[in-house]
Every structure is written in structure tokens, then in C-alpha cells.
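Listed in order, the protein sequences are those of chains A and B. Quick note, the first sequence lines up with residues 842 to 1271 if you use the working numbering. Quick note, the second sequence lines up with residues 842 to 1271 if you use the working numbering.
Wrong hints could be hidden among the right ones.
[Claimed, not checked] Which residues of chain A face chain B? A partial, calculated answer using Cβ under 10 Å:
1. Phe946
2. Asp1041
3. Met1043
4. Val1095
5. Ala1096
[Unchecked claim] Between beta-carbon pairs, the in silico distance windows are:
6. Glu944/A / Val1088/B: 22 to 28 Å
7. Lys861/A / Asp975/B: 26 to 32 Å
8. Pro1051/A / Val1088/B: 55 to 61 Å
9. Ala1096/B / Asp895/A: 44 to 50 Å
10. Pro1230/B / His985/A: 37 to 43 Å
11. Arg1181/A / Pro854/B: 36 to 42 Å
12. Asp1004/B / Asp899/A: 40 to 46 Å
13. Ala1096/B / Ala1022/A: 37 to 43 Å
14. Asp1092/B / Lys861/A: 41 to 47 Å
15. Pro854/B / Asp1211/A: 58 to 64 Å
No lab work stands behind these hints, which were simulated from the structure alone. Every value quoted in this text rests on a predicted model; they were computed, and no experiment measured them. Each residue gets a CB set at the ideal place from its N, CA and C atoms; glycine is no exception.
Number of protein chains: 2
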Amino acid sequence: MQASDIDGFFAEPHQIDLEKHLILDYTLECVGDPRTAAAHLCSEQSTAQWKRVDVDEDLRPRFGAKVLELEVIEQRQALSYPVQHAAQGDIFACRVKIAHPHENFGPRIPNLISAVLGEGPFFTPGIPLIKLQDIHFPDSFLAHFQGPKFGVQGLRDQLNAHDRPIFFGVIKPNIGLPPDAFSAIGHEAWLGGLDIAKDDEMLADPEWSPLTERCEHLGRARREAEEATGTPKIYLANITDEVDRLVELHDAAVARGANALLINALPVGLSGVRMLRKHTQVPLIAHFPFIAAFSRLPHYGVHSRVMTRLQRLAGFDTVIMPGFGPRMMTTDQEVQDNIRACLEPMGRIKPCLPVPGGSDSAATLKRVYDKVGSVDFGFVPGRGVFGHPMGPRAGATSIRQAWDAIGAGVDVHTHAEQHPELAAALKAFG
Amino acid sequence: MQASDIDGFFAEPHQIDLEKHLILDYTLECVGDPRTAAAHLCSEQSTAQWKRVDVDEDLRPRFGAKVLELEVIEQRQALSYPVQHAAQGDIFACRVKIAHPHENFGPRIPNLISAVLGEGPFFTPGIPLIKLQDIHFPDSFLAHFQGPKFGVQGLRDQLNAHDRPIFFGVIKPNIGLPPDAFSAIGHEAWLGGLDIAKDDEMLADPEWSPLTERCEHLGRARREAEEATGTPKIYLANITDEVDRLVELHDAAVARGANALLINALPVGLSGVRMLRKHTQVPLIAHFPFIAAFSRLPHYGVHSRVMTRLQRLAGFDTVIMPGFGPRMMTTDQEVQDNIRACLEPMGRIKPCLPVPGGSDSAATLKRVYDKVGSVDFGFVPGRGVFGHPMGPRAGATSIRQAWDAIGAGVDVHTHAEQHPELAAALKAFG
């Protein structure tokens, strides 16, 4: 790129019609001049060649992505992560804010991903390391998306569960049990106080536990538990499968008594989820496989909150995400960022329920509640309910006992003195 | 995990029915005992809890993933990339080979990804860094997939192009031209000798260049170029879009004269591609947006050849991939691995054509050919054809002239002395 070409990829904020642009926050490590690298970053993700040979034209004013802000954070001796590249020069860690014209592709998730996470940003000359930290959509773009059908309030209404977290549990053993045995375990946990008994993200429609058969068992067990407890319950069935089976599996599962559906968002593809959203009769719950492969490292890839925003946009009512503490190798800040991405205003798109999870139990509920700072979250133990030494019913009970203590402002260990299920949970998992 | 539990996740190769397992090659950096970490890695990606409380059972023999090989490569002072984690102990870089029972999920791409790239591998206690280096499928698994409909031979037959590379070109300016002007450029390039004129991966179905209108123009221009040259040509239209539009866009594009279709594999989702494969009448060509976000770093994420194998499995006839040289920040070894993943035997699944690309021109053809080591590849310049100083027809001609020289064993610079298009290309891009 010639020096004279660079200016065409910079703009002042007042020159940009914000309704026509996505705002992208990248951090990057460039080799050579940061201003040149930032111009290339815009060029590569939009008009890589902005004129025909021998034609006097400039496609950049309308179609070019533009740098709005460029901040050099520091000069570095080396890249944070060594990679092969072709550039020569000093290394700078930078932050850049870009306005990307969304009419280049329109309100389509695959095309959005192709532009902001595609060949452009990841193969810009002089930028061996880059991470998309955040994305913001104008109302004109959001208007084309349905977002969650039920959202936080809809899920609470379905469960008649207000002013407290929603209590999920991942039925375990997660893989290998036939539907009847699997169902019996879920039933116990509902009786113990679980709101939502769920399939593991790896359990879908295998021959040894066909989805339809499992839904028949769990649907029946759910209704029995509702009768026994006088409380609405949810069986969250995992219909993760090829996209051309999603609608059929939705219908089969819902007809048999599944009343929320789990989809592994990235493995299925967010576009498949958006398709299912148009059809669904029940809440859609996202699980997070594959996201860590590109979000864990601080200086390369994609921040997980970008994926949370896209999952909400695609229509998920709930987003399960890696939770607090070093066990899940995710910083508290990142978990907070993801929770905020679920709940904060997003045009006409409803909030979705954040479920920060990972090795939870009655022993971790207080910590998670304190870190979330509100009751608008889901809590999703696996072994903490289904590996409880007194069994799954006691496991679920221990969670509710922990919440009773927290709600009453009583220390869970004190509360445990009168509640053997809680005491056993704290002993086993504390 | 207790010491006595670890053995249940190890097996000798002769104990494994290979037809019932996927073979997974991971590299990882673990903190603490490597054998314990490897057992956890198997547990987390299969039977995380392998028995019910108070039931005497063990689900591992049938459903557990098993370590077949574990090699400690070296002890390290620190992780290659610092990340937060909960483990304590020495750090070891390891290689591990795992047999994963595919009946846990069945022949479904989203469920495969959920198991081998999901919460299991990326959130295993004691393994902050991991990379899935390779995957191998037994015939019993492959039998459920169609793979490429046309493959390398089908594409060659359609173009009547044998014993040489296939010459693609990305029409540029990539974004912003109306269909008629865009078409005129493609037409010129076909006349100059291009086999396949293609849409950029970011150009799909925007309001300023609707896919149907573009296909009408390009379809007509293609037929005119075929008549003028007496040679079959391909217009490769980009139908990347929401998955529920793919079939409709396929039909609309093919009816108007597009005779191959581009899909951005990961942004759309491989499952959407597998769905389209069942319907397609023309070759499907993959582009690589988003893959670099999880494949670039040597010690974390997913090796790109895993994605190449999955793209072939999903049904792509051609896989465009980052090519040779530091410009694309991909090692030659990795490009070679990807080319091999396209062409090597894969049960009954046909080979697909590898297209290693990135800033190519007549000046780079010899290098690419030498590195590929055969004519079974596609060559895909953008500016090298459409930014040629004498225009796109001359740009395409320069590529064919370079190939004539290579085929005749003549140095391209010598050949350029009598061929001004080639000379201009070498001057502009060499």
C-alpha cells in the first residue's frame, strides 16, 4: 500500500454514519508501522482492491472499513506468541477501533463472520497476531434478527421461578446409560429441587439412547415430578445434530415432553440456530464446545463475549459458558464480560440467561452468586448433584439448601449443621 | 481422579476395535503428572462420571475414550502461552494418541466436533494448552458420509483440463462493483485463459450486487467466453449465507449459469455444507475464513488439516487454503499437510482439489508448483490477474504463459522476453 492510500482507510467518528456500520474492537501485534498495518486491516476486510485498472474510481468511501481509533499500547521486543510472518520492523501492541459497512454483506451471520473473523483480519500483512475483542451492532442491523423468543423473563415464567437463580443439573453418568436408567436419575433430581435436568452436551441421539426414546422417558418423569412437587420443571434435551435434522428433532423432542432444547452453538453453526429459532416452541439453550479453541489466549483469536453476543443474536434464550475460578481457565473478568453480554441492552433483542458453569456444587453457589452480583443467572452442577454421595435427589436438595442459606444471609456451613444433604455436599465437593 | 481410576482410561492397541473408534492425535502442555492428565483428557471427552452412585457398574470399557500412546516430549519451565489455570506441578509437553468410541455420538459432524474439540479436551484439569493435531476415521464411520460429489477428476472433466493445475482468479475489485461491471472483468479474464472466475469470499448476496442478478451477468459472460475460446469455463458464485437459504440460492445461481458454488465452510458450518452436498448439481468449493483463529499457533487450538479433512468429509470438491510462503503466516509443512489431507486415500471418499492461495501471480506459480510437487492443485490469484497493469485479460494470459514456460522447462523470465503480459506480471508482482 502506498503512503497516499492509507488515508482512505481512516475516518473521524463524525464522518461515519453509525447506523450503517458495525463497530469492531481489535487488539493486535503488528510488525512495522502501526498506521500502515491498521489501513491494511481495513483494506483486507473490505475493499482489498478498490479500483479497476485504468478506471478512475475509488470504492473506499462507501465500501471500505475505516479506522476510527488507533492506540499504540506498547513497543514489544517479540510477539507474545511466535508465528511465522513476512513483515520486518519494530513490534507494537495496539488497540484499533474499526467501522465496517454492514451493507457489504447484510444481516447474515455467516457473512458477518467471514468479514470480521475471516481471511481479512487474520491474514493482514504486518499483523501476525490479532484478536477481535468486541463487536457492536447498530439498531438497523439488529432489526433483522429475532433474538431470544423467551429470554430471561420467559424462562422464569415457564418455571414460575423468580427472584432467584435457575437451578440446572447435567444428568450423570453423561454417556452410556439407557434412557430408562437415565430418566430415573433426572426424576430424582427434580424431586430434590432442580428446575432443569439436562442432557450432557455430548449426549444427543446415539443408538444406545435414541433422542425420541429418551424424551419419552424424561417427559413422563418430568410430568410426574411436577405433580409430586406442584412445581413446573424442565427437561432440557440435547438436539445437537446435523442442521437438516434440527427442526425434525425439535418436533420429536417437544412432542414427547422435552420443554427446552440444548444446541451446541458453534459445532452446529450459529446460522443453524437462527434457522431453528424461527421454528421453536420452547427455549433454546446454548452450550459452549469449541469456543475455547479460539478464545482462551489473551492476544490471539476471538474474545468469547463476541460469541456470546452472536449466540444471543441467533436466538438463544440461555447461554451456558465457562464459569468463575481457575478450574475453567477463564478469568473472572472474561466471565463478567460474557454475563454482561447476555443481559445488557441490545436494541430490541431480549436478554438471555447467563449460566457460568464448571465443577459446581452447593460449595460453589455462594461464590458464583457473589461474583454475578444478581439472581439473573443459571447454576449448572453435574457431579455436584449427580455424584452427591447420598444420590441425585440429595444432590439437588443440597443446592436448594445452599440457596436457602444464602437468601437468609446464613453461612452455608452453619446451615449445613441442620441439613445433612448440604453437609454431605460441602464435605464431598467443598 | 483416584490413582486406581486412571488405568480404566488406558488401553493397548490390540484391545481396541479400530472400526469402532476415531483416532485422535493431540499435543498438550500439562501441569502435574502426564499420565493423570491424559486419563482426565479421556474422561472429560467421554464418560466424565462412569458410574451411578451406589450402583456397581463401569461404563468405561464400552464408552470411555482410551489413551493408546503417551509420549512426554520435554519438561518445560513455563507454558508456551501463559494462561490462568488451577493445576500445580511440573510442566510437560506431551503427545497423546486417543481412541474415541464413535458410537458415543454417531456419524454427525456437530457431535463429532463437540466431542473432540469441545468442553472435554479444552477444559481438562491439568491441561491448560492443547491442540488437536490430527484425526483419523475408520471406514465404518466414513461409510455414512458422501464426501465430494465430483472430486478432482470430476472438476477436471467439467473443465476438460487435464495434466495441469486449475487456474482460478478472484474477481477484483472484490467488493463494491455492480454486477454488469463485475461481469465484464470476469469475462476478460476467461478470455485471457482463466478456467474459473470466482467471487471473493466476502461477496455474497448484498443489495448492491444481488446474487441472482450477478449470476445472470456472469452466466451469460461465461457462455460467451466458452464460445469465443472453445473451452469450458466455470463461474464460481459465492452463496455463503444463512443455512436455510443455501438450497434456494444454489437453485437460483445454477439456473442462471453459475456452474460451481463457493461456501465459506466454518462461517456457514460444516453441517450446512453436508446438507447442501445432498442437493448440489455442481462442484462445491470451500473458502477458509475463521480457521486461522484457532489453527495458527503451534501449541494451541486445532491443526488446519483437521478442518481440511472435515471439509472433504462434508462434501467439498475443492478446498481453498492459505498457501506457501510467509505472506500467509502458515508453514510450508502445514500447507503440505493440508494438500495431503485433500488427496490421500480416505476410504470411499473422493479426493478434493487443494488450492493453496495468497497473493499469487505469474511470479509465484513456479514456486507453488514445485512445492506441491504435482499438477493436482488449483492456483488462485486475485490482484495477480485483476490488478495486472495491462488489465485482467492480460493478467490471466500471464498466468497461462507462466505455465507454458514451466511445462516446457523454460525459465519464466526467459519466456517473458517474448511475452509482454508475462513480463509485465513479473515486473509488477515479482
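These are the hints, each one checked on the structure:
no.	hint	verdict
1	Phe946	holds, 6 Å
2	Asp1041	holds, 8 Å
3	Met1043	holds, 6 Å
4	Val1095	violated, 19 Å
5	Ala1096	violated, 21 Å
6	Glu944/A / Val1088/B: 22 to 28 Å	holds, 25 Å
7	Lys861/A / Asp975/B: 26 to 32 Å	violated, 44 Å
8	Pro1051/A / Val1088/B: 55 to 61 Å	violated, 27 Å
9	Ala1096/B / Asp895/A: 44 to 50 Å	violated, 34 Å
10	Pro1230/B / His985/A: 37 to 43 Å	holds, 41 Å
11	Arg1181/A / Pro854/B: 36 to 42 Å	violated, 49 Å
12	Asp1004/B / Asp899/A: 40 to 46 Å	holds, 43 Å
13	Ala1096/B / Ala1022/A: 37 to 43 Å	violated, 53 Å
14	Asp1092/B / Lys861/A: 41 to 47 Å	violated, 31 Å
15	Pro854/B / Asp1211/A: 58 to 64 Å	violated, 49 Å
Checked against the numbered hints above, the structure breaks hints 4, 5, 7, 8, 9, 11, 13, 14 and 15 and satisfies the rest.
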